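Asks: Chains A and B, in that order, give the protein sequences.
Heads up: take any position in the first sequence, counting from 1, add 100, and you land on this note's numbering.
Heads up: take any position in the second sequence, counting from 1, add 100, and you land on this note's numbering.
Calculated from the structure, these hints are not laboratory results.
Take the hints with a grain of salt, since some may be wrong.
Since the list can't tell identical chains apart, any single copy or any two copies may satisfy a pair.
Claimed, not checked - Below are the DSS-like pairs computed for lysine-lysine, each with C-alpha atoms no more than 27 Å apart in a straight line:
hint : residue 1 : residue 2
1    : K125      : K242
2    : K194      : K245
3    : K248      : K168
4    : K344      : K194
5    : K344      : K328
6    : K110      : K328
7    : K116      : K267
8    : K282      : K337
9    : K110      : K329
10   : K194      : K300
11   : K267      : K248
As the structure is a prediction and not an experimental result, all values here were calculated from the model.
So the chains spell out like this:
Protein chains: 2
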Amino acid sequence: MATISDTLLKRRTIRKYTSEPVDDKLLNELLVMGCRTSTTGNMQVYSIIITTDTQVKNDLAPLHFNQKMITEAPVVLTFCADFNRFNKWCLLRKAEPGYDNFLSFITAAIDALLVAQTFCIAAESKGLGICYLGTTTYNAHKIIKVLKLPRGVVPITTVTLGWPSEKPEQVDRLPLEAIIHKQTYADYSDEDIIKYYHPKEEREDSTQYVRENNKETLAQVFTDIRYKKADNVYFSKILLQVLKDQGFMEQ
Amino acid sequence: MATISDTLLKRRTIRKYTSEPVDDKLLNELLVMGCRTSTTGNMQVYSIIITTDTQVKNDLAPLHFNQKMITEAPVVLTFCADFNRFNKWCLLRKAEPGYDNFLSFITAAIDALLVAQTFCIAAESKGLGICYLGTTTYNAHKIIKVLKLPRGVVPITTVTLGWPSEKPEQVDRLPLEAIIHKQTYADYSDEDIIKYYHPKEEREDSTQYVRENNKETLAQVFTDIRYKKADNVYFSKILLQVLKDQGFMEQ
Chain A
101 MATISDTLLK RRTIRKYTSE PVDDKLLNEL LVMGCRTSTT GNMQVYSIII TTDTQVKNDL
161 APLHFNQKMI TEAPVVLTFC ADFNRFNKWC LLRKAEPGYD NFLSFITAAI DALLVAQTFC
221 IAAESKGLGI CYLGTTTYNA HKIIKVLKLP RGVVPITTVT LGWPSEKPEQ VDRLPLEAII
281 HKQTYADYSD EDIIKYYHPK EEREDSTQYV RENNKETLAQ VFTDIRYKKA DNVYFSKILL
341 QVLKDQGFME Q
Chain B
101 MATISDTLLK RRTIRKYTSE PVDDKLLNEL LVMGCRTSTT GNMQVYSIII TTDTQVKNDL
161 APLHFNQKMI TEAPVVLTFC ADFNRFNKWC LLRKAEPGYD NFLSFITAAI DALLVAQTFC
221 IAAESKGLGI CYLGTTTYNA HKIIKVLKLP RGVVPITTVT LGWPSEKPEQ VDRLPLEAII
281 HKQTYADYSD EDIIKYYHPK EEREDSTQYV RENNKETLAQ VFTDIRYKKA DNVYFSKILL
341 QVLKDQGFME Q
């Protein structure tokens with residue numbers, strides 16, 4: 101069996117899967133491991149929606165910008181911040197829940213994300229491949245409809261899961277010293293930034309990416325094409341409205 | 101070495117640590133593993149503040165409600181959503197960053213939390229103990245001052261790290277069927293809620309907890325003492341102001 105170090109150090113995101121399904125018993129084991137993750141006050145304010153049905157996956161696909169993983173992966177997992185279950189328990193037990201506010205949303209989102217990552221590591225340790233879909237927070241309002249999420253529940257991230265049918269190169273990462281700060285935050289000088297990002301900019305795949313997109317710099321590919329201000333502003337408004345609609349902005 | 105299943109299934113949060121420091125080389129290895137975690141568009145929009153200095157830990161302690169782990173753990177790690185570094189890179193490379201909005205905050209928070217959880221699993225696999233502190237989002241504004249976090253950076257969670265000097269009982273969890281939903285969300289009936297929460301309510305530690313707090317139900321201990329509406333509302337306002345002050349609500 102792979103060691104933990106190997107699993108964590110040699111991992112890569114997998115976007116292509118074989119047609120082999122993920123055994124229910126194995127999936128269950130992974131979920132049990134996920135649910136041992138730390139959770140605020142042991143409240144477990146999250147839910148996991150497991151979608152294997154072709155029709156539901158087809159309904160989800162456009163909400164994830166038709167990324168092929170959604171329909172091609174045998175399993176799609178949507179990790180949700182969920183105070184609905186806890187609130188129902190409180191109301192049944194003569195307790196008045198006070199979780200219809202932004203802090204509670206963040207608390208539940210943290211719970212959901214930590215569980216998601218444990219689940220992914222457990223899956224990868226068994227040889228499965230995963231891919232996170234950031235589109236969940238873009239189209240939360242539509243995902244809520246497809247997955248029938250009640251008030252108190254907000255989808256935070258989606259993971260596709262399956263047996264790998266590709267072994268892509270590992271992507272680059274910034275040097276560790278670019279990410280960590282000792283004692284307190286030491287803000288970056290221009291020289292620091294150039295030093296830390298230069299290796300990324302010099303990569304063949306980066307320069308090709310810049311050329312293909314007719315841009316002058318790699319940073320412009322991010323700001324002008326991949327993660328544009330107009331999109332971010334548009335989806336920010338929707339996401340804040342989702343929090344309101346799902347009952348997390350009552351303060 | 102522990103298998104991954106063992107590490108994940110047998111874990112418990114550790115709040116008491118020996119005085120033995122965590123070796124720099126080991127800490128570094130754990131951080132490198134953490135940074136292989138999936139990240140949105142490989143932007144790595146997070147930073148990790150590693151605090152070992154007694155004075156800085158003392159300054160942080162009251163912001164975490166003087167939980168002893170902060171001063172007693174050899175290492176305190178504050179995981180932050182961080183667009184500051186990425187924005188600086190964009191500006192140096194003739195690109196106009198559009199990340200001063202709520203969606204970008206959530207994107208960066210997701211990045212930071214996934215890394216935090218990988219780091220914790222890596223640490224636990226080496227025999228170290230960790231404890232998450234949910235107080236980070238309560239007192240983010242004060243933590244920002246102590247850790248000197250610039251605009252574009254918001255602390256999301258804090259982890260204390262050290263060699264365990266306790267082995268507490270594993271805490272209970274809800275049954276898996278309470279957490280997962282197949283295909284779409286099946287909302288809970290009263291009977292479901294009672295069935296899922298009953299074992300928790302019946303535990304000796306739960307009934308003792310209810311008695312000690314002079315409450316009628318376990319749920320009331322949460323709503324009236326541990327996670328009160330008034331506190332949640334108060335800290336929600338502060339956290340939303342923090343997002344504004346740190347430059348994430350410009351849409």
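Asks: All the hints need checking, so say for each whether the structure fits it.
Replies: Hints and how they fare:
1. For the identical chains of this complex, K125 and K242 are neighbours neither inside a copy (31 Å) nor across copies (46 Å), given an alpha-carbon limit of 27 Å.
2. Taking the shortest Cα distances, K194 and K245 never come within 27 Å of each other, neither inside one copy (31 Å) nor across copies (40 Å).
3. Taking identical chains as interchangeable, the C-alpha atoms of K248 and K168 lie at most 27 Å apart only when both belong to the same chain, with a minimum of 22 Å there against 42 Å between chains.
4. Taking the shortest Cα distances, K344 and K194 sit within 27 Å of each other inside one copy (25 Å), while across copies they are farther apart (37 Å).
5. Taking the closest pair of Cα atoms, K344 and K328 come within 27 Å of each other both inside a single copy (24 Å) and across two copies (20 Å).
6. Taking CA atoms no more than 27 Å apart as the test, K110 paired with K328 passes in neither setting, with 31 Å inside one copy and 43 Å between copies.
7. In this assembly of identical chains, the alpha carbons of K116 and K267 lie at most 27 Å apart only when taken from the same copy (9 Å versus 42 Å across copies).
8. In this homomeric assembly, K282 and K337 never come within 27 Å of each other (Cα to Cα): the closest approach is 36 Å inside a single copy and 30 Å across copies.
9. In this assembly of identical chains, the alpha carbons of K110 and K329 never lie at most 27 Å apart, being 33 Å within a copy and 44 Å across copies at closest.
10. Only between protomers do K194 and K300 lie at most 27 Å apart by alpha-carbon distance; the minimum there is 16 Å, versus 57 Å within a single protomer.
11. When the C-alpha separation of K267 and K248 is checked against a cutoff of 27 Å, the pair qualifies neither within a copy, at 35 Å, nor between copies, at 41 Å.
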